[in-house]
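Undergrad: So the protein sequences, as listed, match chains V, E and P.
For the first sequence, counting from 1, position 59 maps to 59 in full-length UniProt numbering; every step adds exactly one.
For the second sequence, counting from 1, position 127 maps to 127 in full-length UniProt numbering; every step adds exactly one.
For the third sequence, counting from 1, position 202 maps to 202 in full-length UniProt numbering; every step adds exactly one.
Keep in mind that the hints were calculated from the coordinates and are not lab data.
Incorrect hints may have been included.
[Said to hold, decoys possible] Covered stretches of chain P (in silico footprint by chain E; criterion: 3 or more residues with CB under 8 Å from a CB of chain E, positions within the stretch not fixed):
{"#": "1", "segment": "39–45"}
{"#": "2", "segment": "54–67"}
{"#": "3", "segment": "90–101"}
{"#": "4", "segment": "200–210"}
{"#": "5", "segment": "219–226"}
{"#": "6", "segment": "234–247"}
{"#": "7", "segment": "254–260"}
Where a beta carbon is used, it is the ideal one built from N, C-alpha and C, also for glycine.
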Amino acid sequence: MLHKPTRRGLLQGAAGAGLLAALPDGLIRSAFAEDAALNVFGPQPPDPAPPGAAQFAIDLFDKWKADNKASVEYDLVAWPQLHDRMATAFASGSAPWDVVYMSGWVPEFATSLRPFADKLPASLVDDMPPTSFATTTWDGQVYGAVFTLSLLTLFYNTEHLAEAGLDGPPKTWDDLLRYTKELTRDGRSGWVANYGDPAGIGGTASQWMCFLQQAGGKMYGEDGMPVFDSDAGVDAMQMMVDLMDAGTDPGSISYVGINDATNVLLAGRASMQMNWPFMWTAAQDPEQSQIVGKLGGAILPAGPAGSASIDGTDAWTIPNSSKNPEVAQSLIEFYLDPVVQKQQAIDTGWLPIRLSTLADADVQKALPNAKVVLEQASHPYDSFVTPDYNEVTQALGTEVQKALQKAKTPAEAIADASELVTAIVKRRS
Amino acid sequence: MRAFQTYERRRRSAGAAFVAPALAVLALILAYPILDSIWLALQRVTLKAGQVERTWVGAENFHRLFNDETALRAIFNTAYFSIAEVVLVVGIGLGVALLLNNAMGRSGFFRVVLVIPWAIAPVANAVLWKWILNANYGVLNGVLTSLGLIEHNQVWLGTPTMALNVLLLVDVWKSIPFVALLMLAGLQQVPKVLYRAAYMDGAGSFQTFVHITLPSIKTAIAIAVVLQTIWSLRVFDLIFVLTRGGPADATVLLNFLAYRVTFNFLDLGYGAAIANLVFAATFILAIIYIWLLKPRRRVAAS
Amino acid sequence: MSFAARRTGLATRLGVLLGLGVFLVWSLAPVVWLVLSSFLTQRALIAQPPDLAPASFTLQNFVAVMQSAASLGHGMLNSFIVASFSTALALALGAPAAYALARLSLPRANVISFMILATQMLPGIAIAIPLFIVITRLGLIDNVWTLGLVYLSFNLPIVIWILRGFFLGIPQGLERAAAVDGAGPVRTFRYIILPISIPPLAAAAVFAFIEAWNEFFFALILTRKSAETVPLVVAQFAGQYQTVFGQMMAAALISVAPVILLAIIFKDQIVRGFADGMMKG
Chain V
1 MLHKPTRRGL
11 LQGAAGAGLL
21 AALPDGLIRS
31 AFAEDAALNV
41 FGPQPPDPAP
51 PGAAQFAIDL
61 FDKWKADNKA
71 SVEYDLVAWP
81 QLHDRMATAF
91 ASGSAPWDVV
101 YMSGWVPEFA
111 TSLRPFADKL
121 PASLVDDMPP
131 TSFATTTWDG
141 QVYGAVFTLS
151 LLTLFYNTEH
161 LAEAGLDGPP
171 KTWDDLLRYT
181 KELTRDGRSG
191 WVANYGDPAG
201 IGGTASQWMC
211 FLQQAGGKMY
221 GEDGMPVFDS
231 DAGVDAMQMM
241 VDLMDAGTDP
251 GSISYVGIND
261 ATNVLLAGRA
271 SMQMNWPFMW
281 TAAQDPEQSQ
291 IVGKLGGAIL
301 PAGPAGSASI
311 DGTDAWTIPN
321 SSKNPEVAQS
331 LIEFYLDPVV
341 QKQQAIDTGW
351 LPIRLSTLAD
361 ADVQKALPNA
371 KVVLEQASHP
381 YDSFVTPDYN
391 EVTQALGTEV
401 QKALQKAKTP
411 AEAIADASEL
421 VTAIVKRRS
Chain E
1 MRAFQTYERR
11 RRSAGAAFVA
21 PALAVLALIL
31 AYPILDSIWL
41 ALQRVTLKAG
51 QVERTWVGAE
61 NFHRLFNDET
71 ALRAIFNTAY
81 FSIAEVVLVV
91 GIGLGVALLL
101 NNAMGRSGFF
111 RVVLVIPWAI
121 APVANAVLWK
131 WILNANYGVL
141 NGVLTSLGLI
151 EHNQVWLGTP
161 TMALNVLLLV
171 DVWKSIPFVA
181 LLMLAGLQQV
191 PKVLYRAAYM
201 DGAGSFQTFV
211 HITLPSIKTA
221 IAIAVVLQTI
231 WSLRVFDLIF
241 VLTRGGPADA
251 TVLLNFLAYR
261 VTFNFLDLGY
271 GAAIANLVFA
281 ATFILAIIYI
291 WLLKPRRRVA
301 AS
Chain P
1 MSFAARRTGL
11 ATRLGVLLGL
21 GVFLVWSLAP
31 VVWLVLSSFL
41 TQRALIAQPP
51 DLAPASFTLQ
61 NFVAVMQSAA
71 SLGHGMLNSF
81 IVASFSTALA
91 LALGAPAAYA
101 LARLSLPRAN
111 VISFMILATQ
121 MLPGIAIAIP
131 LFIVITRLGL
141 IDNVWTLGLV
151 YLSFNLPIVI
161 WILRGFFLGI
171 PQGLERAAAV
181 DGAGPVRTFR
191 YIILPISIPP
201 LAAAAVFAFI
211 EAWNEFFFAL
221 ILTRKSAETV
231 PLVVAQFAGQ
241 YQTVFGQMMA
251 AALISVAPVI
261 LLAIIFKDQI
271 VRGFADGMMK
281 G
């Protein structure tokens, strides 16, 4: 990436050079030692990337680097490869980074991370939803700060709903089933989902976790053992099966990524979907969407226990191996600066995590969906991340797939999943 | 006699000098990783305090493997996939090579076309097929519908059997070029005089194929079978992009499982055990194939 | 020629023609879609059936690929260095080794050959982490030459196997004749064996180059920005929330060009065997 030299930068450089010339040798060395070279590991845009990696807040970023005498090098890989590269580095005991992006992997790598988030200024922490630290906390230590509020919410095609004479978004499970049935016509599907990949945040298992919380259930008890083999667990599973029958796009079982399902909604061949906030910007782009201006958003329909979602948990962490943890923390604080957060929202479509920025009029105007996500955040949105989250969701999601394909009844699938997850949790301890 | 001994000795020492650099390079790169992987398979590996901790557990990982429903399914899937793939790829590859060796197929154009499916970066290839096969907006459904061959959109990767076979076909598509190329090179080794002689003897084209072509390219076929076996046991990209092993573990092959366990679950010991199972299976299969396809010159001569 | 013979000839010709037609459609249909996709907007691509109206066609995908932070040119240069280096070494080390294992009466040549092949039987996934540890300790991470060497670990054994098979098939008479003329093994190999082995050498070279050009997993783990190869760059167009399919196909199309060029250069070598030359008389 090319940066135009700014006037201030040039002046500072010149002043610095003059100063260096006037200093004795030993001092020059210590002057250099203060310069921190940070290496930041994260995803490529359009996935949530920091300033300088994505095109926003570039001037502020340059200023931060100058003020902190720090250089920042980005090590970016495509999102699907993030975890592999990270796993290799951590499993070899050599992570060459100062700041690392995480998505639900904090408990997994907790022993390699620095619990820096306790030291974040209160003014920042108080401006973030307290629950946003749930996915970055393990064993009472807080290892990361989420930088974008990313919760699953409901998206729907306003035109389809109007055609079917449906007034407003579905508010309850019964509404959702009825809507789906009525919207499934003219070669369209009422509902579309990505059930192809069982594991990970956004995978089949985590979608079921939304329904689980809507039914009033939870994954683990106080002792850390699974408690989801309950009425709520089975109800949640039954709801997904009913939704399938009511009119879920039959391809859903084969869509391994959220974008496979998103495309169906964007093409106008499905009417409703559970998706992440980024969906909003994508739907307004005429290059890729046939539903520009026809997208509505709402919180997820309420089950017996009300609405609930899961946390997409895009967070910044600092590995133990960082040689400049203080500067790294300062960089993360910069990423969470109110002005940077605002530009992140407006220029990239990724919502801020700061409550004050979410409430900002400009942000709400640019991203009408911000309000919906904020409202969703007032309901439960636990992602139930643990060190073996990948393994748990793999096992659980596979059982959910079997129920969706009617190879097992919901009760059988949940009972079998509970047995598998129990074995996984026991193996850990 | 003495001259012959010197000749043999010279050949042998030249041979040693010819092989040594290649062996040295391979040992340099692979010796440690291979030995370490075998060692890992006998250990339980955990990440603690940023350090990798290894505990000796003996055969526990293998014991777990043979009691793991997913692993057993993967073994079954892999066996089916690799046998079907070897048969299809070698069969079709031979057919393509014969076509391209025919007077009408000898244009260089066909040889360039042959290489194309193989040359596309596997990541892009897998994403290309993912879009072609998409159940909702995939072009395959579009083409088949407009040709009147199907009535409704098919979910090509939706049911266990269909998904595994569709993956198989895509991998066959990608694998044929190399095998056909190998066979084509093999066909070049068949001396033309043999064909001329067969023609003079009034042999039909089928007889010529069975008695002249096939025996002459037996080595090429053997190499193709052995290499394709190795590769079909290592299929990965396609599964990673198209199905992630789903739906419901229907398309989990052993190598993909080894990846999942190693990189997603960070269970390095168990992952190494699965990888070593792939190693053992390939090793045994390769020995069987080599033995079956060994050119039995002495038998033929006597 | 009798009437019956001519009729069989015609049937064969028709069969071959049909076969070639099927071969072309089978090989190229997906590729045609790749090319079309690279010129279409995402909006047109997710329509069913795909929207092929003139208005849907665009050069935007190529422009975006060129302008994107993902540096395709840099990646192609790296891939070219890695693939050429690895291919050249694989042939230089592999051809003599294959010849020795096939013809130079080495003790236990079959066992050695099989051990060489056996190195390919352990999935790359299993050796990735130990390899990463060694290379990190040596400070050789993110280096094109390291990657080229690592690729030898799969290219060299396969090249040896391809060539050994062909060398086994060469009639013994050729070498005996050379020996009678006083040529030693080195000269025999250089002046008799290599010239008649052009098709397998070309096949092996094409193999090694393509495999190195396209290798993904080791490149992902062993490189960062400066040694990043083409498949990693192409992969960047498939993200978590969005895959701009047209851009990815545009990148794939550009990245495949050098390989096609290589195939065009080598296309004649693949069929210029000793069947035409040496053995004719």
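Undergrad: The structure should be examined with respect to each hint, and the outcome stated for every one.
TA: Status of each hint after checking the structure:
| no. | hint | verdict |
| --- | --- | --- |
| 1 | 39–45 | violated (count 1) |
| 2 | 54–67 | violated (count 0) |
| 3 | 90–101 | holds (count 7) |
| 4 | 200–210 | holds (count 6) |
| 5 | 219–226 | violated (count 0) |
| 6 | 234–247 | holds (count 5) |
| 7 | 254–260 | holds (count 4) |
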